[in-house]
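Following the hints, position chains B and C against chain A.
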Amino acid sequence: MVVNKKYIHIGKGAKIHKGAIIGYKTLRKVKSLDLKIGQNLVVMAGAVIYAGTSIRDGAVISHNSIVREENRIGDNFCLWNNSIVDYGCKIGDKVKIHCNVYVAQYTKIEDDVFIGPGTTIANDLHPKCKYSRRCMRGPHIKRGAIIGAGATINPFVLIGERAFIGAGSVVTKDIPSGKVVCGNPAKIICSIKDLKCRTGLTDFPYMSK
Amino acid sequence: MVVNKKYIHIGKGAKIHKGAIIGYKTLRKVKSLDLKIGQNLVVMAGAVIYAGTSIRDGAVISHNSIVREENRIGDNFCLWNNSIVDYGCKIGDKVKIHCNVYVAQYTKIEDDVFIGPGTTIANDLHPKCKYSRRCMRGPHIKRGAIIGAGATINPFVLIGERAFIGAGSVVTKDIPSGKVVCGNPAKIICSIKDLKCRTGLTDFPYMSK
Amino acid sequence: MVVNKKYIHIGKGAKIHKGAIIGYKTLRKVKSLDLKIGQNLVVMAGAVIYAGTSIRDGAVISHNSIVREENRIGDNFCLWNNSIVDYGCKIGDKVKIHCNVYVAQYTKIEDDVFIGPGTTIANDLHPKCKYSRRCMRGPHIKRGAIIGAGATINPFVLIGERAFIGAGSVVTKDIPSGKVVCGNPAKIICSIKDLKCRTGLTDFPYMSK
Chain A
2 MVVNKKYIHI GKGAKIHKGA IIGYKTLRKV KSLDLKIGQN LVVMAGAVIY
52 AGTSIRDGAV ISHNSIVREE NRIGDNFCLW NNSIVDYGCK IGDKVKIHCN
102 VYVAQYTKIE DDVFIGPGTT IANDLHPKCK YSRRCMRGPH IKRGAIIGAG
152 ATINPFVLIG ERAFIGAGSV VTKDIPSGKV VCGNPAKIIC SIKDLKCRTG
202 LTDFPYMSK
Chain B
2 MVVNKKYIHI GKGAKIHKGA IIGYKTLRKV KSLDLKIGQN LVVMAGAVIY
52 AGTSIRDGAV ISHNSIVREE NRIGDNFCLW NNSIVDYGCK IGDKVKIHCN
102 VYVAQYTKIE DDVFIGPGTT IANDLHPKCK YSRRCMRGPH IKRGAIIGAG
152 ATINPFVLIG ERAFIGAGSV VTKDIPSGKV VCGNPAKIIC SIKDLKCRTG
202 LTDFPYMSK
Chain C
2 MVVNKKYIHI GKGAKIHKGA IIGYKTLRKV KSLDLKIGQN LVVMAGAVIY
52 AGTSIRDGAV ISHNSIVREE NRIGDNFCLW NNSIVDYGCK IGDKVKIHCN
102 VYVAQYTKIE DDVFIGPGTT IANDLHPKCK YSRRCMRGPH IKRGAIIGAG
152 ATINPFVLIG ERAFIGAGSV VTKDIPSGKV VCGNPAKIIC SIKDLKCRTG
202 LTDFPYMSK
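Protein chains in written order, with my numbering: chain A, 2 to 210; chain B, 2 to 210; chain C, 2 to 210.
Chain A on its own, in the form it takes in the complex (with noise of 0.2 Å):
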């Protein structure tokens, strides 16, 4: 179901399937309501986009899924199941966020990035302080970086590209590129060139560069 109509752009090929709500207007203030959509968009039932974002080509949003307002998102973007992508985040092209996950406001995620199930993205330092909007800032996860799943990343750290986050890690620190860390708080224990498979095959997005 499409709302809002006038603010809505969509490229060709969209599937919106029933259920599905897309222009949802935000109760907070925003500069614009235009909502502009690539081509092939998939819109699951229950999925909700909001007014005022904008995604290119490709994009698949899950059943029950919420994408809100000021958001810029690259192509092929994958947000699956009851995941939610909170206000003014900058999201790049490829990028994967899988089931049952929290993305902070304000986070920013380069190209290639996963993001695993069970995920939660923090932004606020000090909820509830008085002078909580001056610092809030949700993470910085670079090119190529791999969030394994459960794991809690704290607002402001920066997570290097093609860093490897454990499952179930909490990263209270800045991660260097291509390390793989673990544990509460999350700490390195070894590159990811280093991670041997079961079967023996292994090979990272960029990892040979």
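Since the hints were derived computationally from the structure, they do not count as laboratory data. The reader is advised that the hints may include incorrect statements.
Because identical chains cannot be distinguished in the list, a pair is counted as satisfied if it fits within a single copy or across any two copies.
Stated by the list, open to error - Simulated pairs of lysine-lysine, BS3-like, Cα-Cα distance not exceeding 27 Å: (1) K180 with K16; (2) K180 with K30; (3) K188 with K13; (4) K131 with K13; (5) K109 with K32; (6) K180 with K7; (7) K197 with K180; (8) K26 with K97; (9) K109 with K37; (10) K91 with K16; (11) K6 with K32.
Just chains B and C now, kept in the frame of chain A:
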């Protein structure tokens, strides 16, 4: 959509968005199906409020969130997207519960509590135990406490006033008033008055009291 | 709402609440779209059951929960609110999966398992690895195991019969039958027969066997 209308009393100024459901009937046996909601309710698409509960003025119930029966909830309640308040809870005024949160049955939450995204509150020490109904009890979270993102809170624990639970914490014991904890299991690291912000500005509710 | 009706076989006594969807068609290629559901199904508003799966008698699928294709699920299955069973899982009888849970593809769950709220089950050791499809495998959770709230379960692990996974645990290794674990990473702390309840009463399934 309001169902089971004869049980439902909603104050003035309600905004019930299309796709929300108010008055859902539980499969459990309950004493009363009366649903009393105060003024200026906002309920978004996909949210479900059960019959047999009470919520005072100014509530905002966001997408895909669920408020079950036999809850008593105060003024200015915010329940963000994809969160659940299970039955039998007592929730004070100005409580804010973020996205992807689960609040177990029989949890007590006092005024001004903030619960961060991805938090899970449990109430059952021994799930599947034949006697677990006899000892099922959620935590008691006291006035002004702040629960960070991705935390897990065990049954029976008492979280003191203005305590601050760090992101990703697993709270297994009582937390004294005004203390900051983190880790799995959560341990005290300092007092909330010792927290220094990057900006130099911190001012939490009740901090000067 | 039942869609793609020609593929759907539902037993007697089904209660399909308004706003539920049964028979959703996956975007994946599957061998069969036949959906076989036993007697006395209850499906609540916002839930989605995909075509191409089988669920036996007595299932309750709660709000906003999703059951994907190619699952084989036993009798008396409970899937509470906002939870997801991804495709290709095998689930026994009397399995209860609480709220906000994600069960990854190819997970095996035996009879009488309980999975607490906010739990994330993973299946991919190396997300984004070019070869990850070759080694994708969910955990195998054996009969009567109990998973506490907010746990993260890694791919490939075997959780033994009647094992008890404490709240907030991150399970990275096989857990022997009847052991209680907690922490990140989860470590054995005792046997389930040593657990003493506050009430003095504990009686877990199969405990005396």
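Hint-by-hint comparison with the structure:
no. : hint           : result
1   : K180 with K16  : neither (39 Å within a copy, 49 Å between copies)
2   : K180 with K30  : neither (40 Å within a copy, 36 Å between copies)
3   : K188 with K13  : neither (46 Å within a copy, 53 Å between copies)
4   : K131 with K13  : neither (46 Å within a copy, 30 Å between copies)
5   : K109 with K32  : within (20 Å within a copy, 39 Å between copies)
6   : K180 with K7   : neither (47 Å within a copy, 51 Å between copies)
7   : K197 with K180 : within (14 Å within a copy, 29 Å between copies)
8   : K26 with K97   : both (25 Å within a copy, 21 Å between copies)
9   : K109 with K37  : within (19 Å within a copy, 42 Å between copies)
10  : K91 with K16   : within (24 Å within a copy, 31 Å between copies)
11  : K6 with K32    : within (17 Å within a copy, 39 Å between copies)
The earlier numbered hints that this structure contradicts are 1, 2, 3, 4, 6.
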